[in-house]
Amino acid sequence: MVKQNAVRNSITVVTRADGTIISADDEITQEFVDYYTSLLGTEAHTIPIDDGVFDWGPKLSSELTEELCREVTALEVKEAIFNINDNKAPGPDGCSSCFFKKARNVVGDQVCKAVLDFFRSGRMLRQLNHTIIALVPKSEHSTSVTDYRPISYYNVIYKAITKIIPDRLALAL
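The numbering of the sequence shown is this note's numbering, which starts it at 1 and goes up by one.
Source of the hints: derived by calculation from the structure; they are not laboratory data.
Fair warning: there could be bad hints in the mix.
[Unchecked claim] Pairs of lysine-lysine, BS3-like flavour, derived with a Cα cap of 25 angstroms: (1) K88 to K163; (2) K101 to K138; (3) K101 to K159; (4) K102 to K159; (5) K59 to K113; (6) K78 to K102; (7) K78 to K59; (8) K101 to K113.
Remember, it's a predicted structure, so these values are computed and weren't measured experimentally.
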């Protein structure tokens, strides 16, 4: 059964944009890498900040600015984790939000520390900053790279961080 699923879920043939059919694993991999690199790019392009933009439009009050900049609390971390749906896919570590909720007494302090450390330092442990991208076929007969939808799986600590930020910003909207 597992072997059948592995065969069914593997991408064995891809048709390039020019109609060429490729079947070698390394060529298929490179075709997907090239496609997503062309979509997403590889370089960060920056433009200088126009300081004049700060002189027009609405501004945040000093109280709201302080609220947005205050340190993230352990309660915010807990709420963020408990607000992640239990049915969300697990991350690269294999752990779901349900695991973190049920094992809170065991792992809660370490999880909270990891999230708070991120907000204090702006850095995340390399081991936590991993994402798995699964390519899901849009139809039963997917043949080109455009026929696959990328789905990202990242860990619960990362998900908690990405919940806290918009929750804070919602105060200003």
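Hint check results:
At most 25 angstroms may separate the alpha-carbon atoms for a hinted pair to count; K88 and K163 meet this at roughly 14 angstroms. Annotation: proposed proximity of K101 to K138 is violated, straight-line Cα distance about 33 angstroms (limit 25 angstroms). Under the criterion of a C-alpha separation no larger than 25 angstroms, the hint pairing K101 with K159 is consistent with the structure, at around 13 angstroms. At most 25 angstroms may separate the alpha-carbon atoms for a hinted pair to count; K102 and K159 meet this at roughly 17 angstroms.
Simply put, K59 and K113 have alpha-carbon atoms about 33 angstroms apart, too far for the 25 angstroms limit, and the pair is violated. About 12 angstroms separates the Cα atoms of K78 and K102, which keeps this hinted pair within 25 angstroms; it holds. For the proposed pair K78 and K59, the alpha carbon gap of about 31 angstroms is over 25 angstroms, so the pair is violated. For the suggested pair K101 and K113, the alpha carbons sit about 16 angstroms apart, so the restraint of at most 25 angstroms is met.
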